[in-house]
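Order-wise, the sequence lines are chains A and B. Take the first sequence: its position 86, counting from 1, is numbered 86 in the working numbering, and each next residue is one higher. Basically the working numbering = 1-based index in the second sequence + 162.
Some clues are possibly wrong.
What the hints assert, rightly or not - Across the chosen pairs, the derived CB separations fall in these ranges: (1) A/LYS150 / B/ASP168: 36 to 46 Å; (2) B/ARG227 / A/ARG140: 33 to 43 Å; (3) A/PRO53 / B/THR202: 26 to 36 Å; (4) A/GLU56 / B/GLY263: 43 to 53 Å; (5) B/GLU219 / A/ALA101: 31 to 41 Å; (6) B/GLU167 / A/LYS150: 35 to 45 Å; (7) A/TYR105 / B/PRO193: 47 to 57 Å.
As the list claims (entries may be wrong) - If you only want the chain B side, here are some residues facing chain A, beta carbon under 7 Å, derived: (8) THR179; (9) ASP190; (10) TRP192; (11) GLY215; (12) CYS269; (13) ALA273; (14) ASN276; (15) ALA277; (16) ARG286.
What the hints assert, rightly or not - Which chain B residues stay away from chain A? Per the calculated CB distances, all over 10 Å, these: (17) GLU201; (18) THR209; (19) ASP225; (20) GLU234.
No lab work stands behind these hints: they were computed from the structure. As the structure is a computational prediction, the values presented were derived from the model and not from experiment. Beta carbons are placed, not taken as given, at the ideal position from N, Cα and C, and that holds for glycine.
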Amino acid sequence: MSASTLDRLEVSIRDAGEGWLLDYFVPREKALPHIRGVLAAIEREAHEKGVAPFDEEVMLNELERNPHRVRAFFQLLGGTRTPAMLLMAWRVMLGMEVRSAKLSYERAKAFHFEVVLVSPYGDPPEAYSSENVNDLAILRHFGVTQIGGKPIIDGFYPLRTR
Amino acid sequence: MIGREDVEIQTFADGSTALEVCLRVLLDTWPDACVEDGETGARYRSTWDVPLGKTTELLVYQDERTAKKWDELGAAPELHDTMVHVLFDPGYVNVVVDDPGSEGMSCLLDAMQNALNQDMFAIRAQSGQVELAA
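Only chain A is shown next, with the shape it has when bound in the complex (with noise of 0.2 Å):
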């Protein structure tokens, strides 16, 4: 096949050096649909939240302004599975700011996970929550600081794989 036959968002995806997400999905030949499937889910979460739209062409267009951000997001596309989560990392990497975020777990039991974004031009909170163990993935890919010995969680980034 072609460069020019291939699906942009594949092209992209090996592109940005995360092939492993296609190519280590069991059957390979519907990995692309089932990562479509989930940008779909995140765009639904985005309309139905009321917030800037997403969609794929959204996340695409970003990745020549800013290919450390859509890197973060194609990994954490491996390893999130509700779309809240996925959206609110989006927003995240595009400016807004975690206000809070709580993490219970009980041991066969129970696991919840809400984080509060705030927008730093003045839009309402937003509050995004997971019951699935398996979003505590996206916590490896969050950026820490202190600032004046204050704890600041702010920021999406991608882990090295090359």
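Assemble the complex: chain A is given as a structure, and chain B must be docked to it using the hints.
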């Protein structure tokens, strides 16, 4: 005119990631910051419009008014500690400030160093080990 000093911070983060890390730290202190692409000179009203993948250099002013003052006066004493110049080279970020020892700048530089040294930038993930749910 005032002198400016370079502070080098080592990092394993790639260029656009490293610039974003520094930018986010600065925005926490200067929420109305005006960001200039150091390569093109383009300035952005919304800091989230900055194409970090297309540059290696940012000038971050405290706010738009300060940026205009810098245009008029250059590195004048009255503009002390109101602009931070961030440059990326593979392996490190060079942060140019007026006084790295001042309370405000020292706090910002510590935060940048803390953020740029997160282990996620240094530990190589074993790609291909993650299973996808169908």
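Enumerated hints in conflict with the structure, sorted upward: Hints 1, 6, 7, 10, 18 not satisfied by this model.
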